[in-house]
Amino acid sequence: MTEAVLLPGDGCPSGLEPPATSLAGDLSAFVRKKGGLNTLTLSVRGAKCGGCISKIESAVMAYSGVEQARMNLSNGKLAVAWKGEGGANQIAERVANLGYGVSAFSEDASAKSAKSEERALLLSMGVAAFALANIMLLSVSVWGGHGEMGAQTRTALHAISGLIALPVLLFSGRHFFRSAFAVLRHGQANMDVPISLALTLAFGVSVWETATGGDHAYFDASVMLLFFLLIGRFLDARLRRQAHAAAHDLAALQNRSVNRVTSHGQVETVRADQVRQGDAILVAAGERAAIDMKLFDGASGVDESLVTGESLPRAVQLGETIYAGTLNLDHPIQGRALGEASDSLLADIARMLEAGEQKRARYRQIADKAVALYVPFVHTTAALALIAWLLIGASVHQAILVAVATLIITCPCALALAAPVAQVVASGRLFKRGVFLRSGDALERFAEIDHVVLDKTGTLTLGTPKLASVHGDDLALAAELARASRHPLSRAIVAAAGPGPLAAQVEETPGLGIEGWIDGQRYRLGSAVWVGLETPPESSGPSLWFASDEGAPIQFRFEDQLQSDARETLSALRQRGLSIEILSGDTEQAVKATAEDLEITEWRARVSPGGKAERLKTLAAAGKKVLMVGDGLNDAGALAIAHASMAPGGAMDVSQSASDAVYSGGLAAIKSVLNNSQRTRWVMLQNFGLAAAYNCIAVPIAVTGNVTPLIAAIAMSASSLIVTLNALRLKGGAE
Amino acid sequence: MNIIVYLIPVALGLGLLGLGAFLWSVNTDQYDDLDGAAHRILNDDDKPL
Chain A
1 MTEAVLLPGD
11 GCPSGLEPPA
21 TSLAGDLSAF
31 VRKKGGLNTL
41 TLSVRGAKCG
51 GCISKIESAV
61 MAYSGVEQAR
71 MNLSNGKLAV
81 AWKGEGGANQ
91 IAERVANLGY
101 GVSAFSEDAS
111 AKSAKSEERA
121 LLLSMGVAAF
131 ALANIMLLSV
141 SVWGGHGEMG
151 AQTRTALHAI
161 SGLIALPVLL
171 FSGRHFFRSA
181 FAVLRHGQAN
191 MDVPISLALT
201 LAFGVSVWET
211 ATGGDHAYFD
221 ASVMLLFFLL
231 IGRFLDARLR
241 RQAHAAAHDL
251 AALQNRSVNR
261 VTSHGQVETV
271 RADQVRQGDA
281 ILVAAGERAA
291 IDMKLFDGAS
301 GVDESLVTGE
311 SLPRAVQLGE
321 TIYAGTLNLD
331 HPIQGRALGE
341 ASDSLLADIA
351 RMLEAGEQKR
361 ARYRQIADKA
371 VALYVPFVHT
381 TAALALIAWL
391 LIGASVHQAI
401 LVAVATLIIT
411 CPCALALAAP
421 VAQVVASGRL
431 FKRGVFLRSG
441 DALERFAEID
451 HVVLDKTGTL
461 TLGTPKLASV
471 HGDDLALAAE
481 LARASRHPLS
491 RAIVAAAGPG
501 PLAAQVEETP
511 GLGIEGWIDG
521 QRYRLGSAVW
531 VGLETPPESS
541 GPSLWFASDE
551 GAPIQFRFED
561 QLQSDARETL
571 SALRQRGLSI
581 EILSGDTEQA
591 VKATAEDLEI
601 TEWRARVSPG
611 GKAERLKTLA
621 AAGKKVLMVG
631 DGLNDAGALA
641 IAHASMAPGG
651 AMDVSQSASD
661 AVYSGGLAAI
671 KSVLNNSQRT
681 RWVMLQNFGL
691 AAAYNCIAVP
701 IAVTGNVTPL
711 IAAIAMSASS
721 LIVTLNALRL
731 KGGAE
Chain B
1 MNIIVYLIPV
11 ALGLGLLGLG
21 AFLWSVNTDQ
31 YDDLDGAAHR
41 ILNDDDKPL
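Protein chains in written order, with our numbering: chain A, 1 to 735; chain B, 1 to 49.
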C-alpha cells in the first residue's frame, strides 16, 4: 500500500457528511497494551459510507507497524492495533487529515452493562425462538391429529413440549420474573407482574393437563408469549443502548488530554480527569480549555462562544478566570486549575442535565398509560370469569382453565410491541435524514410541542462572521496581516480575500489587534483604539479597523450570517401554529438585527445560562410545551429543562448530551423531527387501538370458554404481526 | 408411530444445531457492525495497476 491512497481531507466520499478535521488533543494517554501490541479505539465522526471504511483502514494500515485496523460503520469506532512505541497521535492525525473528526474512546462501566443486557436479551430471544419452533412442531401434530391421535401419544407429545418449555421459561423468562419479583417486594406492580403471572399459570395449568391426560396444553402459548415479549424488550433495550452510546460518544469527545506543567517546569500530557485543584495547566494557542482555571501567565484572546454565546472573542489577562469549553486563540496561557474536571462549569451543567433527566423520567409515555388501564382490566376480567363459571356450576378445573386462557390470550404481546417497533422505525428514518434521536420516548414529547425557543449564535446563524463591506486593495493588504491570526474576524477577512502572501514580522496583541510590515510600511489591523481612533463611530455590528502609518483608517464591517434555511424553516414552523422566540447570550444589537431579519417579535439578549433555564421554567409553568434548539454550553441547562430539545451536530458536547436529538444539515431538521414525531405518535395510538380492539374480540371468546391452544396461538401471533406491520408503515411515505 | 421416537430427537437436534449457530454468532460479535458488512463486500482489495 502506498501513500497514493491518501486522498485530500474531503471526508466521507458519499457527501452525506461535511468534512471535519477536529483532533482532540494528545491521545497517547488512551493507549492500552495488549499482548505486545498497542491498542487504541478511536471515535471517528463523519464516516457514513463504504468508501469511508476502505479510505480510513487503508490510510491507517499504511502507517508502519500497524497490524490491524478495523472500522465499525455502525457505531463509528476504529480499533487499531500496532507495534512499537508512540504512534497514537500520528495514527489519529492520519484519520483527521482524511477529513474526519477523531477523538479517543474508552468504554465506561454503564456502557458495558447496557451491552451485556442487550446481549442477554438477544440470547434469551434466540433460545425462546428455538423452543417455540420445536414445540409448535409437536403442537401442530396434536392439533392436526385431533380426534384421531391416541390419548397416550398426545400426552407424550405434551410431555416433551413441557420438557422443552420448562428450561426455556426459566432461562428466557428470568428477565420478567426478576423484575416482577423486585417490584412486588416493594408492594408495587409493573407490566412484568401480569406477564409473569400469565407465564407461570399457563405453564402450571399445562403441566396439570398433561399429568391428568387432558386435551389442551398451553406450552406453545406460553413460549410464544415469551418470544414476542422478548422481541419488544430487545428492541427497547437496543434503542436505549444506542442512545446511551451516542451520549457516551459525545462525552468521549471531552476525554480531552491536558498539558500539565510539573513543579520542575516540565510539560506532561495527562487525561483531564487526572488534574487536581491547583495544578498548573498550559493551554496552547488553538487549544480548548478542558477545565476551569485562573490565569497566572500569559494573555490572549479567547473565544467563549460555546460558554456564553457571545460571538466575538474576549481578551483575557493575568488573574482572570476562563471556563472549560473556552477556545484559546492567539497565545499560550497558563493557569491554576480551580478544581477537578468534575467541578468545572461543564460539570455544573452536567448536574443541571441530570436534574432535567430526572424530570423527564417522570414523563408518562403513552405505553405507561395503556398499561395502567390494561392490567386491572385483564385481571378483573379473568377473576370475574372464574367466579361466573363457578356460579353456573362448572367444575373448579374447568373454571380455572377458562380464567387462565383469558390471561394468556389477553397477555400484552401487542401492547409490548406497539411502542418500541414504532420508535425503532421512526428513529431509523430520522437517522437517514441526519437526525440522531437520543431516546425513543423523545418522539412523543416532540409531537406535543407548541412553542419553539431558539438560540442565535451557531443555531439560527452560522456562528462565524462574514465580511459585509469589501474594499478591493485594502482587503488584499489586510488579509496579509489577517492570515497570521486565528481571530474569527481575521478568518473572515482571509475567507473573503482568498489565498495570498503573509506580511513580515506580524505580531498580535490580544484584545487589540495585529501589526505587521508590508513593502517596508507598517500596517495595523484591529480595534478602533489600536489604529489610534479615540472616538470610534457608531457601528451596527462587529467591525475591524485597518490603517497604515500615514493613511486614514478604513473600517471593515462584519455580519453574522443566517443559516441558509432559517427563513424557510421558521415560516414552516409558524404555519404549524408554533410561536417562536429567540433566547441569546449575545449583545442586544446583534440579537435585534437577527430577530428583525427573521420577523421574530419575541427575543431576549444577554441572557445568562441560568437566565435561559429560568425562562424555560417560566414557560413550562405557563403550560407551554417548549422545544429548545441550541448549541452552546450556555444553552445546556435550558436544553435539559425543555419539554424536548435539539442541538446541531457542531454543538458543544454537553449540549448534545442534554438534547433529545442531534441534527446535521441545517434547521430543516426541526421540521423533519416534528413531522416524524407526529406520525409516530399517530401510529402508536393506532397500535394501542388495534391492541384494544384485539382484546375486545379475544376476551369474549376466552371468557365463554372457547379458547383452544390453537386459537390462542393464532390470535396472539396475528395481533403482534398486525401492530408490527402497522409500525413498519412509518418507513415509507412522504415527509 | 414408532418413527416419532427417532424423528422428534432428530428435529430437536437440528433445532439445537441452529441455536448453537445463533449463540456462536452472538458471542463472536457478528451483529456488531451490521452497516459495515453490507458495504465491505463491495470494497475491492485489488488496487488498480
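There may be inaccurate statements among the hints.
What the hints assert, rightly or not - Listed below are the simulated SDA-like cross-link pairs for lysine to any residue, each with C-alpha atoms no more than 20 Å apart in a straight line:
id	chain 1	residue 1	chain 2	residue 2
1	A	Lys625	A	Leu562
2	A	Lys112	B	Asp33
3	A	Lys48	B	Thr28
4	A	Lys671	A	Ser571
5	A	Lys731	A	Arg679
6	A	Lys48	B	Asn27
7	A	Lys115	B	Arg40
8	A	Lys34	B	Thr28
Derived by calculation from the structure, the hints in this document are not laboratory data.
Against the structure, the hints:
no. : hint                 : verdict
1   : A:Lys625 to A:Leu562 : 26 Å, violated
2   : A:Lys112 to B:Asp33  : 17 Å, holds
3   : A:Lys48 to B:Thr28   : 24 Å, violated
4   : A:Lys671 to A:Ser571 : 10 Å, holds
5   : A:Lys731 to A:Arg679 : 11 Å, holds
6   : A:Lys48 to B:Asn27   : 26 Å, violated
7   : A:Lys115 to B:Arg40  : 24 Å, violated
8   : A:Lys34 to B:Thr28   : 19 Å, holds
In this structure, the hints that do not hold are numbers 1, 3, 6 and 7, in rising order.
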